[in-house]
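K.L.:
Given these sequences and hints, build the entire structure.
Protein chains in written order, with numbering that gives the first Met the number 0: chain B, 0 to 413; chain S, 0 to 336.
The set of hints was computed from the structure by calculation and includes no laboratory data.
Please note that a few of the clues may not be correct.
Selected chain S positions facing chain B (Cβ under 10 Å, derived; list incomplete) [what the hints assert, rightly or not]:
#	residue
1	G68
2	P76
3	D91
4	S95
5	G141
6	D198
Backbone N, C-alpha and C define an ideal beta-carbon position, used for all residues, glycine too.
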Amino acid sequence: MSTARKNKPQLKLHIPEPKHRPGDTPDFSHIKVGKAGEMRRPDINVVAKETQDIAYGLIRVLGEDNLPHGPWDPHVDVETLKRGLKNMLIVRAYDARMFAAQRQGKTSFYMKCTGEEAIAVAQAAALDPEDMCFPTYRQQGLLISRGYPLLDMMCQVYSNERDPLKGRQLPIMYSSKKHGFFSIAGNLAMHYSQAVGWAMASAYRGDDRICSAWIGDGSTAEGDFHTALTFAAVYKAPVILNVVNNQWAISSYQGIAGGDEATFAARGVGYGIPALRVDGNDFLAVYAVTKWAADRARSNLGPTMIEHFTYRVEGHSTSDDPSRYRPADEAKAWPFGDPVERLKKHLIALGKWTEKEHTDLETSIAEEVRATQKEAETHGTLGSGKTVSVKTMFEDVYKDMPWHIRRQRQEMGV
Amino acid sequence: MATMNMIQALNSAMDVMLTKNPDVLIFGEDVGYFGGVFRATDGLQKKHGVQRCFDSPIGESGIVATAIGMAAYGLKPVIEIQFADYIYPAYDQIVSAAARLRYRSAGDFTAPITLRSPYGGGIFGGQTHSQSPEALFTHVCGIKTVIPSNPYDAKGLLISAIEDEDPVMFFEPKRIYNGPFDGHHDRPVQPWSKTKASDVPDGYYTVPLGKAAIAREGNDITVIAYGTMVHVALAAAADTGIDAEVLDLRTLIPVDIESIKASVEKTGRCVIVHEATRTSGYGAELTALVQEHCFYHLEAPIERVAGWDTPYPHAFEWQYFPGPSRVSAAMRRAMEG
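P.N.:
Next up, the structure:
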């Protein structure tokens, strides 16, 4: 050690830690909740550096009075709101049944999006149905909003004889080109820069479709995230770059991804991408920022970064127990409430919805999902032996099966 | 018909495809205005416009990822990774996405990208400009790997690669861009113009993927090679006077097993050569294939000649490069075996 430096404090490695661990009383008082309606709404041709305050603030529309406030009020018609509420309830009911199905041994794995339903569902409502989505595994709301059959989703989760992906993918890694839903991969963040390429292609062709991509707070640490931002900014790709900050990446809190030092939205500003930070549990706010970003993309103004500030109410997947790494009741302390409850109260406040209608809808959805599940299970569950032909295992590696794969298929005797 | 070196032939292939198919576009580091560090895309931006041939950030994973997204959209991107030595940041995108997209989406999405990259030694490029990483890609199911050895094949194979519906790794032996280097580094450089393979049609034609070529017919021994090593093998045949059949694989995956079988069954002896490091190199796969398919025709153990299992050293270019003397020695051993 150099003697000249003796007066300096000894160097110390910083390891970020969340404020609360199991046994602690959860407390989110350090989060500045802000008031609904207080955030300004810039013109869509804003430059990135002029969105710095929004990237560090929070766009909120639905107030304590359950009514919309401020310049971000998207003035959505009641039918769209009701459809959004219904879709969120379907997502929740579907998640509940598939989670239970995994616990019953009918499949290997499942992931819920509880508490984050507004993000996919409101964004699906704000985008055009033809716009392309590069989602993560927690945007099942996109498929449901776009009318992809629940039966197909369930058959995928069961890897059964009716699985559209022929038993090749882990449950929830759906794919549907027809519904503008890109094939999900477990390799996180890779799709984020692929989405930029899709958007560049759309621009190259003079198309009118834009692209939207989602990533979690945790995987913003992957190089592909930063690559995506660079390429999107350089080529002004018509893409919406969403970061769903649900506070947790399996057991690592968002500080492990660098969220304590700057907001995730702020990353966008550094790359020259206008960035918004939004209350992800506020259906109206999510809808409004998505429309704003979509308008930018459609006007050749390029990419927008949106951080959806939310909370992952359940575990990462069926494979982890969140009470092992965070207070069991932390979700209840989340200061932004529940997205379904908030939209319901908004519709009631508008006089367009009642508790009874809500309960009836929940009941009918639960029944519909249960009936669909029953039907899906007639096609098999994982391990039931009802699968697509094992022969198909060798297909689609290449467009045409080369000799060596054909030979291996023959070796297997199928 | 024109006389072209390999760079001109590759340039012509891209020119033809840009003209033929509006969905073809080219991008990569320095490929636009400048025309690429090896000049392979020279003049293409000027002729076809900036939207068809443009520069990318220095981000190999981003180049491949955006190409995958474009291909998923329906375009036919042709991308350049400036040196194969720099492909590793893109490896995840190639292996986990491009190679798997068709399979994992049950054919719903595909990624028919063509990835061009100069590879190989003999240029005093040191360990960051000389590598031959083809085995890292032949090991991955879902992608094809192509390596031409002359201008005519380079153009025809590149057009086939661009038209192919699967992702293709197109590795270009940069040592033979300008002439057919046979490993005799102490002899004068030969230009392509002195060879038949430099007669390249101006327009569209294809050389099919998955088909090997016989670079030299012979009866006594089969030498399996690709890229620069085809010319080294030809030199070794001339140096030894052994009547060798030199098989130029052209496509590594899917490999032309019928041509390998036909030749080895005829000669009964086999030497496999490549520049890449020996252990787990593509030669190991070829050795296994020859053993599986031709065992009862073999009259001697299969010989492998490869780069040493060290990084490519700058000062020891010719001690490292598996030149004609090493190939000749292996051929003699196989003849005696």
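K.L.:
Checked against the structure, which of the hints given earlier come out wrong?
P.N.:
6
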